[in-house]
Amino acid sequence: MTVERGEARRYSPPAARIKSWWSNPWGKPRFLVLFTGAYILWSLVPVAIAVQFGFNAGRSRSAWQGFSLRWYLWDPNLSVLHDPSLRAALVQSFQLAALTMLIATPLGVALAIGLARWYGRGARPANFLMLFPLVTPEIVMGVALFLVFVHLFGFVRLGTMAQVLGHVTFTISYVVIVVRGRLFSVGREYEEAAMDLGASRLQALRTVLLPMLAPAIWSSLMVAFAISIDDFVISAFLMGDQSSTTIPVKLYSAARLAPSPAINALASILLFASMLAIAIAIAILVMRRSRKKDGVEGSAVEDFARLDL
Amino acid sequence: MSRPAAERRAVGERRWLWPSLALPGVLWLVLLFLTPLYAVLAVAMGTPDPIFGGALPAWNPLAWDPGELGTILDELFTGQLGFVFLRTLVYVAVATFLSLLIGYPVAYYVARHAGRFRVLLLMLIIAPFWINYLMRMLAWVNLLSTDGYVNQVLLFVGLLDEPREWLVGKHETVILGLVYGYVPFLILPLFAALDRIDQRVIEAARDLGASPARAFFAVTLPLSSQGILAGCVIVMLPMFGDYYTATLLSGSPRTNMVGKLIEQDILSGAGSGRGAALTVVLMVFVGILMTYYLYSVARASREARS
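Going down the list, the sequences are from chains A and B.
552 is the number of the first residue of the first sequence in my numbering; add one for each residue after it.
150 is the number of the first residue of the second sequence in my numbering; add one for each residue after it.
It cannot be assumed that every hint is accurate.
[To be verified] Derived lysine to any residue pairs resembling SDA-like cross-links, with alpha carbons at most 20 Å apart:
(1) B:409 / A:837
(2) B:409 / A:704
(3) B:319 / A:791
(4) B:409 / A:808
(5) B:319 / B:334
[What the hints assert, rightly or not] Reference excerpt, derived from the structure (chain B facing chain A, CB under 8 Å, subset only):
(6) 210
(7) 211
(8) 215
(9) 227
(10) 231
(11) 234
(12) 415
[Unchecked claim] Negatives, chain A to chain B, calculated, CB over 12 Å:
(13) 633
(14) 634
(15) 670
(16) 678
(17) 769
(18) 819
Read the hints as simulated data drawn from the structure, not as lab findings.
These figures come from a predicted structure and were not determined experimentally.
We put the CB at the ideal spot given by N, CA and C, even for glycine.
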């Protein structure tokens, strides 16, 4: 890293510098700095403005009329707190995400360990099966689950139960991916050492491997929560009636038809929740890493960036 | 890899441990992922219910009736449906290309030049990932509304004489939405690919007399081609199934994508046979992309394991 761009450190008169930059904007990346900065502004400022208007004192979503929590709390009919449809969507979203997290994480952790250690005949197809949901367009999964619940598994009624089953189905693979990264880096040596010392496989798993996986398991809980609470397509296809509307579904139906800053407020709550979940997940990974070796505090974030395959 | 005594001893003992750990997850995915996919096929190949007008799925492949699928294919090549597929294809192609144009320089900078700001920039780039997609579209609905900030700025600068209706049937708005929505998903694989490139290879090219531009085009770009391919596939797959972007940012049949037709057919209830058949066609449409990506990910995970 230090050798890089040695030529830029040498002194050169401003005119020559501008000329050399002009002839080669990729050299010292001023163009790239501007471009990246502009991109980040473009990607985040619209959302920041939308969050801001959730705090607008007036009804407008394009003219700022002062700060207020009116659309969160105070408005007696239209605020998130008082509008029954908004409050129901909020509750439904959090309930779904919590249930999904609690079901998908154990399933995914077990699947990840199984797939990483099992070399038998079924391992490869099982691995493919795990990856398949990741590449399937959500609408296909939504249609498929809708049809199977309507035509085959009639005992599953559309609504919360169907939504939980659907959310768990596409969340499992993400849990596996999170945990698997850690499994690969741990390797088999620790378990083998434990078994050489007389532990059974099950004991080695319980007393050696699982504690080592703990940070990844906590992170995967958070990731499962964030993925579930963010989902729109599956929730929309499996919702049955209005009583199981989630926040994203509400955003979809109200963004054009019933625009009010309360919608922005609702969306902002969702944003805060998933940001918090992800911040916790990253913090867990960073903390574990900094205990092990200092100086590379960044790499947990980088691992996280690479994780989304 | 040498297997120590414990492993040899364990051959007889608890061999079933690993597969049985995987079993619940595998079972879940068979029941709630593979079976539903088969249900789509069964409904698509089924017959319309003569009494209720819904679909009657044909679970037995021998009883498959390709009537619905034939109708769809017929419309695809002669009727209105072909236009919708073509429009979807054009939207996806243009949006993917623009995303690459925007995403590559950003990924390149963060991966190779960001220095001490690297982690911060990376966090900012990951952030949109965890902001709800519909929230991000809602942000643009606010900005692009008739009295929104975009019109205000354009009027102020003098680029427009009167406010423009951005949110009704405008192709450029839908493409903007798609690009805005999916760029982050493209940047991450690009970042990973560019980050893996060994700095010394580029330096070698420079030492051998290549200009920076030449070194970029002859070394960096080819070495990142896997990331480009993976990133494009990652954004194209969900884009092909996208229907909400166009609904939120345009809401007009002029900008409908295939997904919108599927949503309408399935959720209206009556046309679920037709919706299922459309889904099958869409699956075939994106099948190549899915297969490519599935194999490349499976290969990467095998390499990581060994």
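Now for the hints, and whether the structure bears them out:
1. B:409 / A:837: Violated, at about 42 Å.
2. B:409 / A:704: Cα-Cα ~26 Å, so violated.
3. B:319 / A:791: At roughly 32 Å apart (the allowed maximum being 20 Å), residue 791 (chain A) and residue 319 (chain B) break the hint.
4. B:409 / A:808: Holds, at about 18 Å.
5. B:319 / B:334: Violated - the C-alpha atoms of residue 334 (chain B) and residue 319 (chain B) are around 24 Å apart, more than 20 Å.
6. 210: 15 Å, violated
7. 211: 18 Å, violated
8. 215: 18 Å, violated
9. 227: Violated. Min distance 25 Å.
10. 231: Not OK, violated: residue 231 (chain B) not within 8 Å of chain A, min 20 Å.
11. 234: At 14 Å from the nearest chain A Cβ, residue 234 (chain B) fails the 8 Å test, so the hint is violated.
12. 415: 6 Å, holds
13. 633: Per Cβ check, residue 633 (chain A) is outside 12 Å of chain B; nearest 21 Å; holds.
14. 634: It holds; residue 634 (chain A) is separated from chain B by about 17 Å at its closest Cβ, greater than 12 Å.
15. 670: Check fails; 8 Å does not lie beyond 12 Å.
16. 678: 6 Å, violated
17. 769: Nearest chain B Cβ is 17 Å from residue 769 (chain A), so the label holds.
18. 819: 8 Å, violated
Against the hints set out earlier in the document, violations occur for numbers 1, 2, 3, 5, 6, 7, 8, 9, 10, 11, 15, 16, 18.
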